[in-house]
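J.: Read off the chains here:
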Amino acid sequence: MNFVPKMNRRAFVIGSAAGGLALGFGLPKSALAAVGDRAQFGENLTSNELGIWVAIKPDDTVCIRIVRAEMGQGSQTGLAQLIAEELEADWSKVTTEYPTPADNVKRKRAWGNYNSSGSRAIRESHQYVREGGAAARLMLIQAAANEWKVPASECTASNSTITHAASGKTTTYGKVAEAAAKLPVPEKPALKNPKDWKIAGKPLKRLDTADKVVGKMMYSIDYTMPGMLSAAIKDCPVFGGKVKSFDAAKVSGMKGVKKVVQVDDKSVAVVADTWWQAKTALDALPIEWDKGSNEKVSSASIAKWLEEGLTAETKFVGNKAGDTAAAIAGAAKKVEAVYSYPYQNHACLEPMNATALYTADKCEVWTSSQNGEAAYAAAIAASGLHADKVDVHRLMLGTGFGRRTRSEYVTEAVLIAKQMPGTPIKLLKSREEDMTNGVYHPVTQCKLTGALDKDGNVTALQMRISGQSILAYARPEAMQAGADPATFQGLNPGGAEGAFGYDIPNLLIDHSMRNPHIPPWFWRGVNNNQNAIYLESFIDEMAHAAGQDPLAFRRKMMAKFPKHLGVLNAVAERVGWDKPAPQGVFRGICQHMGYGSYVAAAAEVSVSGNKVKMHRIVAATNPGHAVNPAQIERQIACSFVYGLSALFHGGITIKDGAVVETNFDTFGSIRMAEMPRVESIIMPTNDFWGGVGEPTIFVAAPAVLNAIFAATGKRYRTFPLKDQNLQIG
Amino acid sequence: MVRLNINGKDHDIDVDPNTPLLWAIRENVGLTGTKYGCGIAQCGACTVHVDGVATRSCSYPVSAAVNAKIVTIEGLAQNGVLHKVQKAWLEHDVPQCGYCQSGQIMAAVELLKNKPKPTDADIDREMTNICRCGTFQQIRAAIHAAANA
Ligand code: FES
Ligand code: FES
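Line by line, the protein sequences are chains A and B. Each step along the first sequence adds one to the number in my numbering, with nothing skipped, and position 129 is 129. Each step along the second sequence adds one to the number in my numbering, with nothing skipped, and position 5 is 5.
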């Protein structure tokens, strides 16, 4: 089932919209005044454009256009580094600006894809943004050469300054930018060898920190404009249910309340002067729900259904080699285990919100989105207006984690604003609403069967995944013959995105799809999270059954996968695998590949009673190119916080068809005292481009789980660990 | 009408006395550096100082803050000079998304007031705010740096 108002894809016709757009529409003047100097992501594009990625002001300010979202992961800074590198810009003069999705449409989508998920912001745009920087540099040099009447080939550029060595003439980018902007944009300019990088590849500080330490950074939740009202929303607690009735009269007289509206078939909102008034009235509003057919579903009933899928017939095969049935039948030793992974909420610290202003001929939205174009499409569909009458202005994201690739909060804000034309409406979901009516990391189980020969070599591995498909819900058009290829992330036979890293002669990995009514979504790391737990825990189980060291056991199967092996060896060496751990401390190790990068981790833990103390984690990544090692180091450590929070404190449970956990008291998040010391190894081989924001999360949980097994002899196969009375000590 | 003294300035606001201080600060006074994360005193994103005490303002009624001196992240810098904790945050490039950082900084300022040279154990005990981005290693380093500044 799918209770989201269907996006009308035809409303988002790029070609037709690109034609008749007038330049220069954007923020109303009043809104600009409200934003003032806090418009970190302001969309007034600077003139003196040199191509589409760079504009330079007369005072030498370098304005770099960024369309991918910044949600804390650092892509804004990294992309600016790549462009500034080719531009030979003075880094201290670099600022960024944001072409809106409507700007992109006006230029026939010249800025390309806005999506920032799947760790793709840099790895999928490095080529064209670097070319944009290089083209701008060539234009600036040409303009200076024209002015000096010398050949451009005799001029050089460095640090935003152009020099003609023979005559000793110099000028700055700002001085020639206006003339340069009139020149043709060179196509396919040559790019630097990364070995010669001076800005890219360096551990530079982020560009956006100053406003964040003084409370000035404007997140979507902070946006305000004159005459704005605030809305609080409540969805039917059971997914798939509907609003039956509500008694608006009961709350209409409450202070500040302006209107009680039905938003769509599943939700009701109260609009008031302030959000607190709206929320207070909404809490008092009597609402009758038609809870639909899913009221009896619980975590237990879902688990039972998934369990049946562990042995059911299926055609959905992700990876196959040899004959597993025969090899298992002839095994000297057979190992078997069943794992399961629960629902998780993204729990973005800034709850979902958007501000919308609708009139009969225009709809504008201010919001934080991981994909400006998806938010734009949602606003177009919900407003019913043509694309050239709609725009989405981006504000800073208070985290994303995949949640903000979904735009239902934009849809809902517009649907409310449509009922109050001319009044700007800020819709904010309460934490409770965000927690119980979100979209969730999907639920799966996995049955693994391994065959060992008499020498303890793996002769066969079978992995049956049973459970939920994200794509079936989120992107049905991406399903392949009814199957969800993303289910097999990290388990595929090859490919640049994420390949299985073990050479096992008989292999069968397949999927029995079972889609409960809880809506699934992309959650940092996506299906790699549970696939890495299943596979890397089970490899350890087989090593144990074979009586072999888990590292040596893996190495035997990895000769054909030098990059997978490279990161594994790196963490083993750094953690000192060949030497004993400190007294009472035990180690676990694992590796995985996803989103184009190779990652591994080694954890050192001690366990006393039900308390797990994580002393040290060593994590390695080979992301191909390391555009900003300081930010990559942060992504590594921080992905462990997110992954281990889910492992220990997370887990969303279902009762009576609805989500049980409502807030951070029951859906916990790691705090300072629980944070393990994370040491990172960044080891780019410079021959491919992989992602950074997600990959190391894959190895967070399995490294710790394998270390817990080493410490206790107990193998944990269901999560979160709090349900097994295991806590972080 | 309720009178609140925030960052040295009086604000007369028309608000129900039961309104959480957080929402009065954000919506009635218009200072949005103080953030909403949970509303139940769990995450610390809403931390402000009430008479010098770090307080989770989402769970603190406006009525209790009358006559108190309230300081928010916007009032931490004095005469345009950043507080040493803010400087350390900049120096260590602490924030990722930054959404929790107003609260983290306000908590750290109080910690250093009570413990000018905190140990790691002090930091573990006193810094209990959630950061979904996971910036704890940078926060710890910045607190030590601020203590030695
Ligand atoms: S919003 Fe106050 S503690 Fe979370
Ligand atoms: S920096 Fe993003 S939540 Fe802390």
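Worth flagging that the hints you see were computed from the coordinates, not collected in a lab. There may be inaccurate statements among the hints.
[Stated by the list, open to error] Below, a list of computed lysine-lysine pairs in the DSBU-like style, where the Cα atoms sit at most 30 Å apart:
#1 K113(B) with K205(A)
#2 K113(B) with K93(A)
#3 K389(A) with K259(A)
#4 K87(B) with K195(A)
#5 K198(A) with K87(B)
#6 K115(B) with K216(A)
#7 K69(B) with K613(A)
#8 K69(B) with K242(A)
#9 K255(A) with K113(B)
#10 K9(B) with K205(A)
#11 K259(A) with K93(A)
#12 K611(A) with K115(B)
#13 K579(A) with K560(A)
#14 K202(A) with K84(B)
#15 K115(B) with K93(A)
#16 K611(A) with K117(B)
#17 K613(A) with K9(B)
#18 K115(B) with K244(A)
#19 K205(A) with K87(B)
#20 K418(A) with K255(A)
#21 K202(A) with K113(B)
#22 K69(B) with K205(A)
#23 K93(A) with K255(A)
#24 K113(B) with K320(A)
#25 K259(A) with K57(A)
#26 K255(A) with K69(B)
[Said to hold, decoys possible] From chain B, some residues computed to sit far from chain A (all C-beta separations above 10 Å):
#27 N5
#28 P20
#29 K35
#30 I40
#31 Q42
#32 A45
#33 S63
#34 Q78
#35 N114
Every residue gets a Cβ at the ideal spot worked out from N, C-alpha and C, and that includes glycine.
J.: Between K255(A) and K113(B), is the straight-line Cα distance small enough, at 30 Å or below?
T.: It is violated: about 40 Å lies between the C-alpha atoms, which goes past 30 Å.
J.: Given the hinted pair K113(B) and K320(A), is their alpha-carbon gap at most 30 Å?
T.: The given pair, whose Cα atoms are some 62 Å apart, is violated under the 30 Å limit.
J.: Hint check: K113(B) vs K205(A), CA-CA at most 30 Å. Holds or violated?
T.: At roughly 28 Å apart (the allowed maximum being 30 Å), K205(A) and K113(B) satisfy the hint.
J.: For K69(B) and K613(A), compute the direct alpha-carbon distance and say whether it is at most 30 Å.
T.: violated, 41 Å
J.: Take a quick look at I40(B) and tell me if its Cβ sits farther than 10 Å from every Cβ on chain A, holds or violated.
T.: Check fails; 6 Å does not lie beyond 10 Å.
J.: Checking one constraint from the list: CA of K611(A) to CA of K115(B), max 30 Å. Satisfied?
T.: holds, 28 Å
J.: For the pair supplied as a hint, K579(A) and K560(A), confirm whether the alpha-carbon distance does not exceed 30 Å.
T.: Holds: K579(A) and K560(A) sit about 27 Å apart, inside 30 Å.
J.: Please work out if K202(A) and K113(B) have their alpha carbons no farther apart than 30 Å.
T.: violated, 36 Å
J.: So is Q78(B) really clear of chain A, every C-beta pair being over 10 Å apart?
T.: holds, 12 Å
J.: Does K242(A) sit within 30 Å of K69(B), going by the straight-line distance between their CA atoms?
T.: Given that 30 Å is the threshold and the Cα spacing comes to 47 Å, the pair is violated.
J.: Taking only the CA atoms, is the gap from K9(B) to K205(A) under or equal to 30 Å?
T.: violated, 35 Å
J.: Holds or violated: K113(B) and K93(A), Cα atoms, limit 30 Å.
T.: violated, 37 Å
Checked against the numbered hints above, the structure breaks hints 2, 4, 7, 8, 9, 10, 11, 15, 17, 18, 21, 22, 23, 24, 25, 28, 29, 30, 31, 32 and satisfies the rest.
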